[in-house]
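Please model the entire structure based on the sequences and the hints provided.
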Amino acid sequence: MKRWLTAFSLWVSIACAVEVRMNDLRQIEARGSDVRVFRGDATEPLFGSMVKKGDCVLFNAVLPLVPWETYRVEVKSSDGNWSEKRLKFKPTAPVVPAVAIAPSPTVLPANALKLYLHFSQPMEQGVFLERITLQCQDGSIVHGAFRETELWSPDGKRLTLWLHPGRQKTGVNLNTDEGPVLQESQQHRLRIAANWRSTAGVALGKETVFMLAAGGVDHTYPDPQRWQITAPKAGTRDPLVVRFDEPLDPAMLVSALKLKPEVAGAVTVSPDARSWSFTPAAEWKQGAGVLEIDPLLEDLAGNNLLGPFEVDRDAPVKAAKATTMGFEVRG
Amino acid sequence: MKALCLFFLIVTAFVASAALLESPQQGGLQIQSLSSLSFGPEGLLLVAEPASASVVAVQTGDTGPKNERLAKPVADIGGQIAAGLGVKKEDITVRDLAVNPASGRIYLGVQRRPDNAVLIVSVGADGKVVPLNLGPLSWVRITLPGGTASKVTNITDVAFDKDRVFATGTCNEEFASRIFTIPVPLKNGATASVFSAETYHVAHRKWETKAPIQSFIPHQSKEGTFVVGAFACTPVAKFKVDDIQSGAQVKGVSMVELGSGNRPLDLFSYSDKSGKEWLVVHTQRFKQNAFGPSKMWGARISMDYLDAKAPEKTNENAARRDEKEPKGPEGIEIVDALFGAVQVDKLSDTEAVVLRDTDGTLSLEVAALP
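Residue numbers (numbering that gives the first Met the number 0), protein chains in the order written: chain A, 0 to 330; chain B, 0 to 369.
Since the hints were made in silico from the structure, they are not lab data.
Quick look at which bits of chain A chain B covers, simulated, 3 or more residues with Cβ under 8 Å:
| # | stretch |
| --- | --- |
| 1 | 37-43 |
| 2 | 55-65 |
| 3 | 123-129 |
| 4 | 194-207 |
Glycine residues also receive a C-beta, built at the ideal position from the N, C-alpha and C atoms.
Okay, here's the thing in structure tokens:
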């Protein structure tokens, strides 16, 4: 942020006699008795407060000034005359954001509910429906493809993109009226617009296109009995690896599998979300271990260990019989 | 004497407010994000802060008198707010609107792009937009408990109800819906109770455990305390929340189906001149509306529907709005004043405040309720 401050460029017209600058507290400081700050040619001033300090006035905007914007500063000098200057908030070394998708490659069941977009920078919010387009294999646009609710991670870098549940779920009105979002056995293109900006005001700069391959529908709950666990050897720091029979929710996988007793170490989820591995901080000790699985862990179609996403509440529940996996660390 | 009366009024207000917050923080509040605003009594503002999965309660000090009703419509209020925040008007989103019932003053939660900074502004009788200065105010923040695998990251609505605050939320990982209750007095860092909701979706005739509540109101009836919630697609359901234990699942009863292709945005209730009670559901259609000029619309529903108990009037037998007519069945009808409304809140039993979008320009007005 400080870099921006030092790079705050000042456009001073030659006729101006009053000094205006931005100080280290991000206040606009001017020599005079009054100050008003406007964005560009706006007629209404910025919200903020003004205090007098000696022969200077300080303006504190109620929200931080926005990079790339031009501000018009009107200053009243001690002789009562108003003069005008323009400032442009121009950050140096702007960082261009990039976007990736998870899982990748993006092979989805036709009734997939969600996927994740990972950005390298926190992104502007409130525009995702205008910045993301889904196309069918024939190039036609899938209108109303996404759920309108915008769900970002706390750091603003990960967007959970919900394929509209009303269309993906069998028998719901939108599904009946509009059809599903994804077409079985077809390729789709997810286009991310070039003009999507980071919170620092820097756009992606080029369109990003991800290929989405849709398979058949998946109405089966994830079942650890179908997974493979590979135990490491004692005395090594080799990873404990679990391979799934389908891609699971890559975000949930980060915290859904836990070792009992607890062991310090790091979790890695493969890009295709088909495997999970745990590398301990210290060498493995010989003995038996248990991996506990959160029953809420979902596959890409929203099925979890407690049952399929599309469940008939009047019918017997089909759920995974086990939510733990045992393994043996041997010498 | 006048000064003495004012003194007693202030003391009374302070004593009463003190009961709403316990050991509040003094000053220094910064709101990181904002998804919903709502008022409790005595100017207590509830802010849903999704970035921290929290509800923040702020004593605004705006405790009346009730003389801040907007005198005349404010044209291009979006332009006015955007200028105040130093951006173009297309770079702001009004995330929510709440009317303080104590004063009639209107509060708007605004998000600015690209930096996602948020600000609460208020509009009084004169139509002037004023930023809410959080600096000197008392407040508490309560973080909502997360699921076992992920945290709640979107709080869809928040509301005050006598001795507790309700909030509804969804997760950004698993597809799940939660209702939270926080006891009053609200205490900084307190723990909320959480329960999940099971609802009958009239449209596809199935029970749902995961559909998120988009908006709700607390509702008292002879049967007890309910959360009346609206879901996408669009059933209106009620959940009995008396004596509910944290972690439990509460089974909702679907009362009305407004029709598919709708996303509810706001709910409020009011009594008309005859004393009849209505629930107003403000909604966004995915497609063009059959009966009005905008995808944004609203309907009112007789509260009689919500108080129905008989199985032949609920769940699979719940009343369905006649989507081919502006009215019908009796007690369900479109509210014309809500066409184009992007935000709405009740001002009184005769009026609502409407933030209307006309070709990208936002205006603020008071609209009569039918």
